[in-house]
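Peer 1: Protein sequence lines, in the order shown, are assigned to chains G and E. The opening residue of the first sequence carries number 15 in the numbering used here; numbering runs sequentially from there. The opening residue of the second sequence carries number 15 in the numbering used here; numbering runs sequentially from there.
Simulated from the structure, these hints should not be mistaken for laboratory data. This one's a predicted model, so the numbers in the text were calculated from it and none came from an experiment. Careful, some of the hints might be misleading.
It does not matter which identical chain is meant; a pair holds if it fits inside one copy or across any two.
[To be verified] Mimicking SDA-like on lysine to any residue, the simulated pairs with C-alpha atoms at most 20 Å apart in a straight line are: (1) Lys165 - Gln298; (2) Lys352 - Tyr367; (3) Lys175 - Asp196; (4) Lys175 - Asp186; (5) Lys113 - Tyr47; (6) Lys352 - Phe372; (7) Lys263 - Arg104; (8) Lys165 - Phe372; (9) Lys113 - Thr325; (10) Lys59 - Gln281; (11) Lys175 - Tyr367.
2 protein chains.
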Amino acid sequence: MLDDGRYPLTEADLLPLSIGAALLGTGGGGNPYVGMLRSRELLRKGATVDVLPLDALPDDAWVGEVGGIGAPVVGVEKIEQGEECYRAMRAVEDVAGVKMSALICAEIGGANSMEPVITAAQAGLPVLDGDGMGRAFPEVQMTTFFIYGAKAAPAAIADDKGNTVVFRDVVDMYWLERFARDTSVAMGAAAGLAIAPMRADFVRRTAVPGTMTQALGIGRTILDARKRRLSVVDRIIATTGATLFFTGKVTDIRRELTGGFSRGEAQIAGMGDWQGCDGRIAIQNENLVLWVDGVPVIMVPDLIINLDLETGEPITTEVLRYGQRLAVIGLPVHDLMKTPEAMAVVGPQAFGYPDLDFTPLAFGPIGN
Amino acid sequence: MLDDGRYPLTEADLLPLSIGAALLGTGGGGNPYVGMLRSRELLRKGATVDVLPLDALPDDAWVGEVGGIGAPVVGVEKIEQGEECYRAMRAVEDVAGVKMSALICAEIGGANSMEPVITAAQAGLPVLDGDGMGRAFPEVQMTTFFIYGAKAAPAAIADDKGNTVVFRDVVDMYWLERFARDTSVAMGAAAGLAIAPMRADFVRRTAVPGTMTQALGIGRTILDARKRRLSVVDRIIATTGATLFFTGKVTDIRRELTGGFSRGEAQIAGMGDWQGCDGRIAIQNENLVLWVDGVPVIMVPDLIINLDLETGEPITTEVLRYGQRLAVIGLPVHDLMKTPEAMAVVGPQAFGYPDLDFTPLAFGPIGN
């Protein structure tokens, strides 16, 4: 470990990182398992990836944000070629005329926790300890970076076939989302996206800090509890500041793929302390709102996490199925995601719930 | 006129050019009227545009192909900002690292006859006397340029809001069509597309030659016939080598906008020599097939042109309506569009008619 606080990601770190990231995906973000295997392969071949604190870079260094874009339900079946994000990042470097000094996750939640690790291993770069969401969100503009003024262009998207499309001049982050989404659908609903280079001082101010380390810690907690045959759900609640909001059995799941998103709703019949209660979770890639008996109890941007009641395994929305027994826990999102600027982009109303005013979860230190 | 055969496009040329281009649009390609007005405005402000024979440029000069992309039915209502193609062309120049020496039409038919004229006036470039179709077609790859090996990248698309997207690496021309189409839909179904620079010697071999001059001539014939109160339909047939294949009244028109295309079908009840016969025309932006009593009599890539029976006005598919009286004429397409390579891209089977083998119209010298 160098004295700037960096630490190397070891092969042994990858599994807990992917498990913690799956939990922070709040049901979405895609399954990080394949990305974990790919990262491991790269490390075994001799690549090294350091995790760098946000303050380790000089102000004027350039940081690249990369991630997969598409529908998680497609990502399960359609394996990436492996260099999508790398080629997108190189295209952005070419068009912008800069070289990246480090990479950062768009979202720590789900598969996109691993993408910058893969790209960093391929490019010989470090990754920063932080991300743009502190969780997963379905759309490109839903990062602290864009919320606080990151440039929408030049960005680039690449697919598994060798196609690279550059978003050279883009009016705003919503247009970037639109172009990137439609292009990712044309590419088969799975592609790698790199956004415009960001200065390190900007990233230091706007990233959700420490989330690589946080995901690693959560993953280690889960693996440790399994090894010691403790209740994973209990251990997560004890160590992360999460609260249990519902337990029950999935009685119905509706899911459709429209415009590159998995949208749907899950019905859950209460069990245990919630016997006789009706749970309902709205989904757009991630879990958006949990209602219990019609009352919204957790809502986006706070984190709604479904764990398998027995194993504590985080359940992503694409594998939710009839009969699953769930523990639904809530975690407060980082303060950077609770400002009026953030509410306009990731509040309940931005997700199509005009009648829901964001009522933040009042507890828990996670990420704050 | 310089001794390389060039001639300047005058303000007086623009109306006949647009009228001839509308006829060569074979029902599609969008209405050239707005582009004609915009070209006129630019010429009145002092811009000059020369029409250059295909052999006027040195072999290694670069030629740019520009055109509007979107659904004609949208183009009628959504007026271009005016520099879409220009910005797309400049983006291609930047990415490719070359400067264009001249521009050429993707398609002489319809609105895209005027787009290179507008861009040429804005950029101070000449236009070449030729195009990539000798008519209009609905998709990007349906040009002689792509059929005979033009590169699919880098190409660029720009909209009226300031967005520019670069297709930097593209596997083939079908992927370019897919990306450009989807992006144009995201842009509101009206945008300007510039394809990769082509060498002048390649364009000389592959362009349909003389079609700017041909469109001008057709337009002048129509205007002259109107002025002299002659039958426009008769004069067109007398001067272009076209044949009359049907006259009748539109009894039904079905049209829908899907994936950026106007698709549909028109039913026509025969009149005059075709009294008692049933005509039917399939449409995908352009007229694709004319059946008379169930027998295909003209089929893509030959030109199927609907003229107003009384005025001789070319009728585009987006203004086709119940009760219109039509003269349906056929014109043979250029030989470059009849090779096996061309059939694979623009033959009846490429348009979804597996049972139609292309039977070319046997007459007429147009464009050949």
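Peer 1: Against each hint, give a clear statement of whether it holds in the structure.
Peer 2: Consistency of the hints with the structure:
1. Lys165 - Gln298: neither (25 Å within a copy, 39 Å between copies)
2. Lys352 - Tyr367: within (17 Å within a copy, 56 Å between copies)
3. Lys175 - Asp196: Both, since 17 Å and 18 Å are each at most 20 Å.
4. Lys175 - Asp186: between (28 Å within a copy, 10 Å between copies)
5. Lys113 - Tyr47: neither (29 Å within a copy, 47 Å between copies)
6. Lys352 - Phe372: within (9 Å within a copy, 64 Å between copies)
7. Lys263 - Arg104: Intra 46 Å, inter 58 Å, cutoff 20 Å: neither.
8. Lys165 - Phe372: neither (27 Å within a copy, 51 Å between copies)
9. Lys113 - Thr325: neither (44 Å within a copy, 63 Å between copies)
10. Lys59 - Gln281: Classified as neither; 45 Å inside a copy, 66 Å across copies.
11. Lys175 - Tyr367: neither (38 Å within a copy, 29 Å between copies)
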